[in-house]
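Colleague: Spelled out, the chains give:
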Amino acid sequence: MIAANPATAGSGADTSGPWGRLEQALRDRRGAGRKCLVPYLTGGLGNDWLQTVSAVAAAGADAIEIGIPFSDPVMDGTVIQQANDRALAEGATPQSILAAVRGAAADIGVPTAVMTYVNIAHHMGYERFAASLADATVNGCILPDLPLEEVGEWSGCAAAAGVETVLLAAPTASDERLRSICARARGFVYGVGLMGITGVRSELAASATATAARLKAVTDRPVLVGVGVGTPAQAAEVCETADGAVVGSAIVTRMLDGGGPEGVAELVSEFRTAIDAAHG
Amino acid sequence: MTAASGDETGGSAAGYMGEPGADGRFGEFGGMFVPETLVPACQELDRAFRSAWGDPAFRGELDRLLHSYAGRPSPITECENLSQELGLRLLLKREDLNHTGSHKINNVLGQALLAQRMGKTSLVAETGAGQHGVATATAAALFGMDCVVYMGTVDIARQELNVFRMRLLGAEVRAAESGSRTLKDAVNEAMRHWVAVADTTHYCLGSVMGPHPYPWMVREFQRIIGAEARRQCAEILDGSVPDVVVAAVGGGSNAAGIFAGFADTSARLVGVEPAGGAAVGRAVPGIVHGSRSYLMQDEWGQVLEAQSISAGLDYPGVGPEHSHLAVTGRAVYEQVTDAEVIEAFSLLSRTEGIIPALECAHALAWVSRSRAELAGLTVLLNLSGRGDKDVDQMMGILG
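Residue numbers (my numbering), protein chains in the order written: chain A, 16 to 295; chain B, 90 to 488.
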């Protein structure tokens, strides 16, 4: 199931395109000497979440992660847990979120990736779930509770449907494991910034930069770091090493506080500005 | 019927309840569905458990603790009064007589000893009714380890005494306030806690669930129930095994423990779930808390809250090996209602002078309901815990 002979940097599937739309967009951004910004928003949170997605795209997101809420988000901290609970209470379902994304694809304009937990995909059936993502024009998928050992069945279905499976890489993984993850990942490699759950911290963890550096050493694929990247300054800092940053809880906090499309877009602009100022 | 003699602790000849292999599979169930950040901790635990379980020194130390601290072996009680009333021969495996009042101590002593061997200084655990939390806090006190127990706020309110016990034992009880605020959410919180501190902390999971190696490891730590019972039954039954072995199933650790002793015999294995928490009964597979197994969920895969009179069985999932035993037909899983459980709780108290925990009252409720079908048979029931913790709740119900 796992490649016995993991691809090393600069060889094998790692560097041979064509890439999916998500990965191509991030590679293009990097190729232009820029850094990537991928905000996360919880789908189905409030009446205006879809407008928020479009506003965030217009504010400078290179791609957008859209969360499909799950009842037991074991990798998420209190902010995204709360957002999940609220969206579910408001009646959000995978179907309602994907239908909305499909309807707004033209307005969104940038590649999207769905982030949810494996049971949502498993319950619908991997093949059907992958097809429904493709049908909704979603480009990528992140299932954080599907580690390397278990991802084979899903990633086969995703690839067949043209969906890029983003894989997480932990600070504690061996170099060999990082290589296997990078060889298997599509879209980008999601470096987990710290050993913990999503949420804003007062400082960027040393492990965020270290993990990015270790990943960059073994792959040509875009390396983005998320989890514990909560301020524009922290995003700029991690981008000194990484190709980009994923920002979740800070954005969702603004959504929960009723920031609306404009308020959330304003925050995304701040992240964009900080990253570009440091790495323009 | 004649019991095979000898091997009490190894895998079974029939291929049931043996080692699941490196990928942690029981047929199509099990696995290690955790975030990448938890994979190293699970792999480290798998290596450590394999090494310890094959080490006679570790096994000897655990046996010593189970004997001198937990009070093993637990006896088998032949229920003469109730057997007569039901028209069958009822034997109880008395896990209620263990230190801390349930089978949970078997598992936590094993895990605490393993944690110590791994150089961990802290334990984190989840608890529903509080039995596993109390057992973990007990082991932590014994081993001089720090202990954090997550418990849903709903359960904290309905199990005040156990919250106090845990604190008395030196553990910190933290409220799980997300989701349904019950056992499943306490598991989420314990996993979230563990991921950040896995280098110093062992997650002492309370049942045969979770990511590999937990379902296997916890079953092996509970296998002592079945191994003892097999030997004891052979004495009582002139070398035979019981016709039926029955146990309550929430996550399923007490059932896994007693089934393990009889999986390779002709004994019929019966797990009893609460009607409001019947993961096997509904037979819809899902993935949560690290493994693929039967799981109560809505049409979109959102995990549902279980509903049971017994907080210890209030879990929407079930250990993956039970799903495998159900699919293969080696064990059958029945459901009983809260009303039947209340009746069984009173029945055992009145006829035998034993107040059972509401969890194992489920098993008795099935025996009582099935008395015609079981007429004349020998039934071994795992009495997994004592009912002291439930007396307050039952006083409200029975007046």
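Take the hints with a grain of salt, since some may be wrong.
Stated by the list, open to error - What follows is a set of in silico ranges between Cβ atoms, one per label pair, in the way DEER data are often shown:
no., chain 1, residue 1, chain 2, residue 2, range
1, A, Thr93, B, Gly149, 55 to 63 Å
2, A, Arg117, B, Asp477, 38 to 46 Å
3, A, Gln110, B, Asp112, 43 to 51 Å
4, A, Gly106, B, Asp477, 39 to 47 Å
5, B, Ser435, A, Asp150, 50 to 58 Å
6, B, Glu150, A, Ala175, 24 to 32 Å
7, B, Ser355, A, Arg117, 51 to 59 Å
Simulated from the structure, these hints should not be mistaken for laboratory data. Ideal Cβ positions, reconstructed from N, Cα and C, are used throughout, including at glycine.
Colleague: Decide, hint by hint, whether the structure agrees.
Modeller: Status of the hints after comparison with the structure:
1. One distance hint, 55 to 63 Å for the beta-carbon pair Thr93 (chain A) and Gly149 (chain B), is violated here, with the actual separation near 45 Å.
2. In this structure the supplied range 38 to 46 Å is violated for Arg117 (chain A) paired with Asp477 (chain B), their Cβ-Cβ distance being about 57 Å.
3. For the hinted restraint 43 to 51 Å between Gln110 (chain A) and Asp112 (chain B), the CB-CB distance of approximately 32 Å leaves it violated.
4. Remark: the range hint 39 to 47 Å for Gly106 (chain A) to Asp477 (chain B) is upheld by a beta-carbon distance near 43 Å.
5. Judged by the Cβ atoms, the range 50 to 58 Å given for Ser435 (chain B) and Asp150 (chain A) holds: they are separated by roughly 57 Å.
6. Judged by the Cβ atoms, the range 24 to 32 Å given for Glu150 (chain B) and Ala175 (chain A) is violated: they are separated by roughly 52 Å.
7. A hinted range of 51 to 59 Å holds for the C-beta pair Ser355 (chain B) and Arg117 (chain A), which are about 57 Å apart.
Violated hints, in rising order: 1, 2, 3 and 6; the structure is consistent with all others.
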